[in-house]
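> Listed below, chain by chain, are the residues.
There are 4 protein chains.
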Amino acid sequence: MDFNIIRTGRAVLNVKDLERSKAFYVDALGFIETEADDRHVYLRGLEEHNHHSLLLKKAEEPSVEVIGYKVYDDTDLERLDRLFSQKGLEIRWMERGTQHAVGRTLRVQDVSGLPLEFYAEMETVERMLQRYDLYKGARVQRIDHFNCMVRDVEKAYEFYTKELGFACSEYTAAEDEKIWAAWLHRKPSVHDVAFMNGNGPRLHHIGYWLSDQMSLIHACDVLAAMGYTENIERGPGRHGLSNAFFLYLRDPDGHRIELYNGDYLTSDPDFKPVRWDINDPRRQTFWGHAAPDSWFNEASAVQNVLAPEKLMETGEPTLKQRKPTFVI
Amino acid sequence: MDFNIIRTGRAVLNVKDLERSKAFYVDALGFIETEADDRHVYLRGLEEHNHHSLLLKKAEEPSVEVIGYKVYDDTDLERLDRLFSQKGLEIRWMERGTQHAVGRTLRVQDVSGLPLEFYAEMETVERMLQRYDLYKGARVQRIDHFNCMVRDVEKAYEFYTKELGFACSEYTAAEDEKIWAAWLHRKPSVHDVAFMNGNGPRLHHIGYWLSDQMSLIHACDVLAAMGYTENIERGPGRHGLSNAFFLYLRDPDGHRIELYNGDYLTSDPDFKPVRWDINDPRRQTFWGHAAPDSWFNEASAVQNVLAPEKLMETGEPTLKQRKPTFVI
Amino acid sequence: MDFNIIRTGRAVLNVKDLERSKAFYVDALGFIETEADDRHVYLRGLEEHNHHSLLLKKAEEPSVEVIGYKVYDDTDLERLDRLFSQKGLEIRWMERGTQHAVGRTLRVQDVSGLPLEFYAEMETVERMLQRYDLYKGARVQRIDHFNCMVRDVEKAYEFYTKELGFACSEYTAAEDEKIWAAWLHRKPSVHDVAFMNGNGPRLHHIGYWLSDQMSLIHACDVLAAMGYTENIERGPGRHGLSNAFFLYLRDPDGHRIELYNGDYLTSDPDFKPVRWDINDPRRQTFWGHAAPDSWFNEASAVQNVLAPEKLMETGEPTLKQRKPTFVI
Amino acid sequence: MDFNIIRTGRAVLNVKDLERSKAFYVDALGFIETEADDRHVYLRGLEEHNHHSLLLKKAEEPSVEVIGYKVYDDTDLERLDRLFSQKGLEIRWMERGTQHAVGRTLRVQDVSGLPLEFYAEMETVERMLQRYDLYKGARVQRIDHFNCMVRDVEKAYEFYTKELGFACSEYTAAEDEKIWAAWLHRKPSVHDVAFMNGNGPRLHHIGYWLSDQMSLIHACDVLAAMGYTENIERGPGRHGLSNAFFLYLRDPDGHRIELYNGDYLTSDPDFKPVRWDINDPRRQTFWGHAAPDSWFNEASAVQNVLAPEKLMETGEPTLKQRKPTFVI
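Residue numbers (UniProt numbering), protein chains in the order written: chain A, 1 to 328; chain B, 1 to 328; chain C, 1 to 328; chain D, 1 to 328.
Mixed in with the good hints, there may be bad ones.
Unchecked claim - What follows is a list of derived Cβ distance ranges for each label pair:
1. C:D293 <-> B:E123: 29 to 37 Å
2. A:D277 <-> D:E126: 51 to 59 Å
3. D:D27 <-> B:N297: 41 to 49 Å
4. C:D293 <-> D:E316: 28 to 36 Å
5. A:R39 <-> D:D27: 58 to 66 Å
6. C:D277 <-> B:R79: 56 to 64 Å
7. D:D176 <-> A:E19: 46 to 54 Å
8. D:D27 <-> A:R79: 50 to 58 Å
9. C:D27 <-> A:R39: 29 to 37 Å
10. D:D277 <-> A:E177: 54 to 62 Å
11. B:R82 <-> C:K155: 36 to 44 Å
12. A:D270 <-> D:D27: 23 to 31 Å
13. C:E126 <-> B:E298: 32 to 40 Å
FYI, nobody ran anything at the bench for these hints, they're computed from the structure. Remember, it's a predicted structure, so these values are computed and weren't measured experimentally. Think of the CB as a built atom: it goes at the ideal place given N, C-alpha and C, for glycine as much as any other residue.
Isolated chain A, as found in the complex (with noise of 0.2 Å):
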């Protein structure tokens, strides 16, 4: 690879109503809404100094406009530009001025049918990691990672590996050891973006990193307290596949966060990807419990990079096994 890919950087998801989802991710979540306007609201974690790394924007129906990727300079899009070119990948260029707060930026639609979009510059404002007067809910620290069912996990992955430089720390192994879903990160977290065996292209969930436990068991409480005891979708429990702590929240249009804590350091080269079998119960969530058949089955659609008003048709898994009998 001659770019470099830092970290996962934002999503711009639609939502039918800013007020509520406002009041759910700043309110209930303690994002941190650094400006807003009649169609966007512009969110960051506590720790974050980039101007956000979530943008809700209005819409009629919810979907998933992008989910981007931070690079380390210009000059690493125009080297994506030609990868994804040979490979015959559909792309778009936003020249800088077109994204508020955003530099110039590709988008692509990768090879699962994401939209992805790349970016090296977006605006610095103050981070409020020590703001601690205005920590609330979960005291949401900064984004994390994507989680995206796709038709053919393995495709990804190789796509991912060997194309665009991610490194994997775990992996769950199906029927003939193919990959029925795969950690891949960039930095040295467990992962910035996870695929899943399902139908697909969608995006499952956004990851939140929280600075400890406490935020999260608060979370749910304050969640609770404020009415929003349906968005908690599963957890608190601990994943025994990257032994993350976590909580899973739906949006109030349905999008899907995780709360996330407890991940460990993946620097490095000699630090060998962890292997799960699918149907192995040490793989399952690690305390016992059941993930609720909503957690498999449902997950945001995606738009077309070219064509944002089309919605991109999902297709059935290539693997048969669709759900283990324990579950990440």
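Position chains B, C and D against the provided structure of chain A, taking the given hints into account.
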């Protein structure tokens, strides 16, 4: 009342394999083993200065021999004897020396058929509260309460509040304002004993108090790491009723233990019992998780105080609704 | 005793600037403001169902008007009147209606010269225990205890244990086994009041109970972020004596507040008071930090219950050793 | 740079009594002992998959043999050799097999006189991250950073940022904008190494990362319960600079260990180093506690990489101000 019941004291449980039970209670949950022989294991929490709050006895089949309350002094036992005799309840005296580490004891089959005992004296041992080097697992601090399934909650409620001097902190109202469940206390916490409408008399669980929420989360991790995933029955979660942060475990014989934190002070006579409607979603598990059926259906059989070899027969509850839509 | 003092009830403090005090207590520490006017601010903790446990009154100079205990019912007040009169103590009755939200009250200058009040009634308000969306700062839960500097600890100890029915949980022994400090309780916690040998009568601090240690750590962060660094006088740390996880703060008028967690249950008559030698390093701050001199020398002046405009004169303590080598 | 230093790797410390050190590191702090013999103890944190991050060697006197960094692969060592030789620094090769569990190693006395080593390979062992049953004491997770006292911080800063590829996250400016202290990283955390103006070259401390704040508080309790009160030198507290929640300990030989939590992600090239004025109260210990003099004056002597029996001579620092009014 001319007697003074201080608090929940101890439980005596029959278990089939003492080593198996010690591994669970001592190694995983962090109980202190005061002493043990071939037929008995005496356990206590980290802050307890009395010899034990849990006595495990080796037996052919699991059951509850007795649940015990501590009274202020021995004269209280005489007064309780008079009350029980006057009420026509079966009693049994066990003189000092009969039970190891425990003074003179009065046993009785209460109005619900539960085997109770009362004692004023128990040997004092070293309190381990500040032996932080011995803390492990759930870091169990002290016994807190019993939860019992009985056929007629109102009958139990009347007897405990009017004859035994318990106060009610919270209760659940069912059809025609009948009490479906009640939380009763002598020490100024939410409860020393709770009664639930169900097939009884049976012991639903023994509640142990933890000093903080992180000990409960760590307990989940330790239990899972030691292979006790299937012993985690319900939680972690928050009860709306009582505000308990809870984890329900099944010990190797199926006896249910609650790890518990989140209580409040109930010392005041002007504190009005909190009323919850059985089908009011506000009283459900605060974060919205359903309880498994086992939590409603399964409980420990209890012995006859006069004939310990005989288990008490159970019968149908008086209230028709056996299980709320949302469950505490 | 033919009366029943239930627990520490409230403190009435004079402060110079109510807005400045509200910023500290409400915004930083998370007290709930029940109500306020130009001359008064009424504050309570998150679990308190009584109208307030801290009343701030606007005044020219900071001082303590009174520290109050709640009794079981109004007949207890008559019985306390008889005791105090018989002992030759100055008393003052304040009829219902004299004090906002509080019933009939008996005030007395106690044997150490401290201004006490006793009341059975206080208005009931909504308990905020499950309004987790309102939790902030230290998440103060409830009032726990008073700590007073008095000239003659043994005299106070004798009066409170023999005449008022308090039990001793722990004490510090100085020269000739004289009691240098004592922790006394009515509710079954470590204390409702503690007395320390020192220049008195003065109020050393009011202790507020927190539900967990992380709330105390978060309070440090919030206080620092809001510019209250100089108000953090001592801690966080652990007392060997009482096992308290503590933080001592000075409010804007210099009144000292302890945030407190780590208590244990003291309900049992067979619990022997824990004796600590004043110079025994085991009783020091458990983690080995020295307390600042201000913690020993400074405390709040108290008023005369008959002539509130006059502060009680203070005098030298009876025991020579003013400060242990290691300090609680 | 044509080489890739990944992260802080390990430290090799000389200690006088291995059993005494094991009691401290393993029993109290919760390090995992990978292996040990009469002359060596190899320790690692709970998430570490490499053989050790701390090697204790039995010696007559305490000192630091070397602090080590892990590089991407062996070719990086050759390139580092060229750089160091070109800069006229003393180097020493240790071929594979010379050091137990470690591959080929390059040692060098750096521009400040600190003994460094670089290696790409270390034996892989079982990661204990999910062996929660083995968690104890501080639950040490992984090595995080070194903090070194050097005579000329700017010289070190220039060499590490311009020649070795470290990035600066935060720094302290003294007289004439001279750098008084700097926090430098390779992995995207606040630091892999920090330099402070002082009598040097000496190792000030080794920082170990904890997963959460409660583990640090529990470590204080465990250390105190085991009699290590005097080994707690400073904290718990919060650094303004770096946001670290910290505890500084002195091991039985006086080597200083920092337990550490509260880091943030520093992956982005547009993250500007945070500047703090040495006398700016905002950079002080965030909660306002003064550091003890020992923290400024005492540090571990370091060895000469060519002649390990000789300790490096120390000298006066270049900046006059030795100690800020408020201290990180």
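> If a hint holds in the structure, say so; if it doesn't, say that too.
Structure-based check of all given hints:
Between D293 of chain C and E123 of chain B, the C-beta spacing of about 44 Å breaks the proposed range 29 to 37 Å. Distance hint for D277 of chain A and E126 of chain D: a CB-CB separation of about 19 Å, inconsistent with the stated range 51 to 59 Å. Checking the proposed 41 to 49 Å range against D27 of chain D and N297 of chain B shows it holds: the Cβ atoms sit about 45 Å from each other. Restraint check, D293 of chain C to E316 of chain D: a C-beta distance of roughly 34 Å satisfies the suggested window 28 to 36 Å.
The hint said 58 to 66 Å for the Cβ distance between R39 of chain A and D27 of chain D, and at roughly 60 Å that hint holds. Between D277 of chain C and R79 of chain B, the C-beta spacing of about 41 Å breaks the proposed range 56 to 64 Å. Taking the beta carbon of each, D176 of chain D and E19 of chain A are about 52 Å apart, inside 46 to 54 Å as hinted. For the pair D27 of chain D and R79 of chain A, the supplied restraint of 50 to 58 Å holds, since their beta-carbon distance comes to about 53 Å.
At roughly 34 Å, the beta carbons of D27 of chain C and R39 of chain A sit within the given window of 29 to 37 Å. At roughly 58 Å, the beta carbons of D277 of chain D and E177 of chain A sit within the given window of 54 to 62 Å. Restraint check, R82 of chain B to K155 of chain C: a C-beta distance of roughly 42 Å satisfies the suggested window 36 to 44 Å. Judged by the Cβ atoms, the range 23 to 31 Å given for D270 of chain A and D27 of chain D holds: they are separated by roughly 30 Å.
Range check, E126 of chain C to E298 of chain B: about 37 Å between beta-carbon atoms, so the 32 to 40 Å window is met.
Going through the hint list in order, the structure does not satisfy hints 1, 2, 6.
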